[in-house]
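S.K.: As you go down the protein sequences, you meet chains P and E in turn. Residue numbering for the first sequence follows numbering that gives the first Met the number 0, beginning at 0 and increasing consecutively. Residue numbering for the second sequence follows numbering that gives the first Met the number 0, beginning at 0 and increasing consecutively.
Since the hints were derived computationally from the structure, they do not count as laboratory data. Predicted model only: the values in this text are computed from it and were never measured. Where a beta carbon is used, it is the ideal one built from N, C-alpha and C, also for glycine.
Partial selection, computed: residues in chain E whose CB lies under 7 Å from chain P:
(1) I7
(2) F69
(3) F114
BS3-like mimics (lysine-lysine), calculated; alpha carbons at most 25 Å apart, straight line:
(4) P:K49 - P:K77
(5) P:K326 - E:K110
(6) P:K326 - P:K398
(7) P:K326 - E:K111
(8) E:K37 - P:K81
(9) E:K115 - P:K326
(10) P:K77 - E:K37
(11) P:K398 - E:K111
(12) P:K398 - E:K115
(13) P:K398 - E:K110
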Amino acid sequence: MQGIIEYLVSLNLPLLTEGTARFLVLLVVASIVAVVAPASLIILTWLERKIIARIQDRIGPNRAGPFGLLQAVADMIKMFTKEDITPARADRIVYNIAPGLAVFSSVMSFAVIPFAPGFVGTRLNVGLLYIVAVGGLGTLAILMAGWSSNNKYSLLGAFRSVAMLLTYEIPMVMMLVIVAMAAGSMSLADIVDAQRSMWYAVSMPVVFLVFFFAGIAEVGRSPFDLIEAESEIIAGFHTEYSGIKFGMFMIGEYVHMFALSFFSAVLFFGGWHIPFMDVTALPAPWAAIIGLIVLLVKVFFFVFVMMWFRGTLPRFRIDQLLDFGWKFLVPLSLVLLIGVAFVVKLFSPGSSAGIPVPPGPLSGLGIAGEVVGLLVVNLAIAGLAMAVVSALARRSRNKVLRAISAVEPPAAVTAQSKP
Amino acid sequence: MPSDYVPILIYLLVATFIAAFALVLPHYLGPRRPNPAKSDTIESGKLSYGDARRRVPVQYYIVAMVFILFDIEVLFFYPWAVLFWDLKWYGLVQIAIFAFLLVESYIYIWKKGAFKWK
Chain P
0 MQGIIEYLVS
10 LNLPLLTEGT
20 ARFLVLLVVA
30 SIVAVVAPAS
40 LIILTWLERK
50 IIARIQDRIG
60 PNRAGPFGLL
70 QAVADMIKMF
80 TKEDITPARA
90 DRIVYNIAPG
100 LAVFSSVMSF
110 AVIPFAPGFV
120 GTRLNVGLLY
130 IVAVGGLGTL
140 AILMAGWSSN
150 NKYSLLGAFR
160 SVAMLLTYEI
170 PMVMMLVIVA
180 MAAGSMSLAD
190 IVDAQRSMWY
200 AVSMPVVFLV
210 FFFAGIAEVG
220 RSPFDLIEAE
230 SEIIAGFHTE
240 YSGIKFGMFM
250 IGEYVHMFAL
260 SFFSAVLFFG
270 GWHIPFMDVT
280 ALPAPWAAII
290 GLIVLLVKVF
300 FFVFVMMWFR
310 GTLPRFRIDQ
320 LLDFGWKFLV
330 PLSLVLLIGV
340 AFVVKLFSPG
350 SSAGIPVPPG
360 PLSGLGIAGE
370 VVGLLVVNLA
380 IAGLAMAVVS
390 ALARRSRNKV
400 LRAISAVEPP
410 AAVTAQSKP
Chain E
0 MPSDYVPILI
10 YLLVATFIAA
20 FALVLPHYLG
30 PRRPNPAKSD
40 TIESGKLSYG
50 DARRRVPVQY
60 YIVAMVFILF
70 DIEVLFFYPW
80 AVLFWDLKWY
90 GLVQIAIFAF
100 LLVESYIYIW
110 KKGAFKWK
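The following block holds chain P by itself, in its conformation from the complex (with noise of 0.2 Å):
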């Protein structure tokens, strides 16, 4: 990016001076992100089609273009040319802006991925907090679309994004707390740069797991998706949206869904880093180039794995949610914190992303050193978490068996196991 502008400069037009410049730069960029968001929609449907399809022993779309892949394309032009309705009780203005909220919330949200080296929208310094307030206004854009429709569904579809906001979001800040801990920064770019010697889902894969089911239920996709639980409350929130609107939440959940692949890349994939090169020695155009490449196979492994959840995990009851959310991850993610942050404190090499920083007692062991205690804090958290929670679940199950054998004699049962 740096290197355009200096070219720009270099021309000597009028009024193109090096602010002038960098403001053209960023606003080409921008543009060309906040359509190229939206418009994924088409490569990411198509793909979804297929994938699900597949996974269900069909063959999905294929009339329309080659593959089906112009699908999409004909699904929007579809929805533009529908009616649009506004149900005579709805409350016309909330009703017309929520689903406009929901594409606007995921279109902001990639104003801060770094995208390849030099190609970084902002190095804004509260990157992850961006990232938070950003996601929290689509959970906002769907309870304005569950009130304002007057219809019992949607609000019910309303009440249970609430429901999953109180879950998900104190386990996820926690998790974006920890990378920022570690990385000393809440940059993303910052953040990626730190992970240049190892990506921290290597050696933290428990924060990683938390954050990624987390911002699953943030995006609203199976095995969260009760918010739009078509066997329950019909669509949910979005009842009674026609056309482009209903549209418009469709473009919002998936732009959404590659922004948090983006976001699970950047943070504990290490971006445009692999292992055993760098990327960013390479010559000026090919940093950027392969850097993007990079990038992108990560998001669309994610991409991938987020439309192989939806092909086969069943949806979580909204209970069910809740107490994974408050009985499990909450102290999980308390318990990982600090944990991670002793580990951080006791191993650390004596810099972080270049910035030089108090070793450590155990700074003699270098990098592995950190890695292999971060890795071994972690599956032991994990595993701790996990005993506890069988122990539990073994103790209820026990009390329901003794009061399901106090309600019936125990003979019989004998009598009737005999033949």
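Based on the hints, put chain E in the right spot on chain P.
M.R.: Structure of chain E alone, referenced to chain P:
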């Protein structure tokens, strides 16, 4: 730096434009043939009755209250995480005590039955 927020502003403009564009366009593209049944509320084929905005029991309201408490507690972790390297061992011990208090109150809330689905 304030200049870091310029790209955010640009995204704001572009995202608003896209959202507004998609909201306004179907006005001119789609047909418009309203009738009373079409603009009625969907209720699985039955005639709709009453207003949806009435009093609904929200079983997780205690969880919602606990959430607000915890969300504010979590905010304290952000500045600590950014200053993690400057605060040295002192900061770590402090945050460990803070987390311990948080876990303690969390166990108390659990024992009081706040997470029970009624």
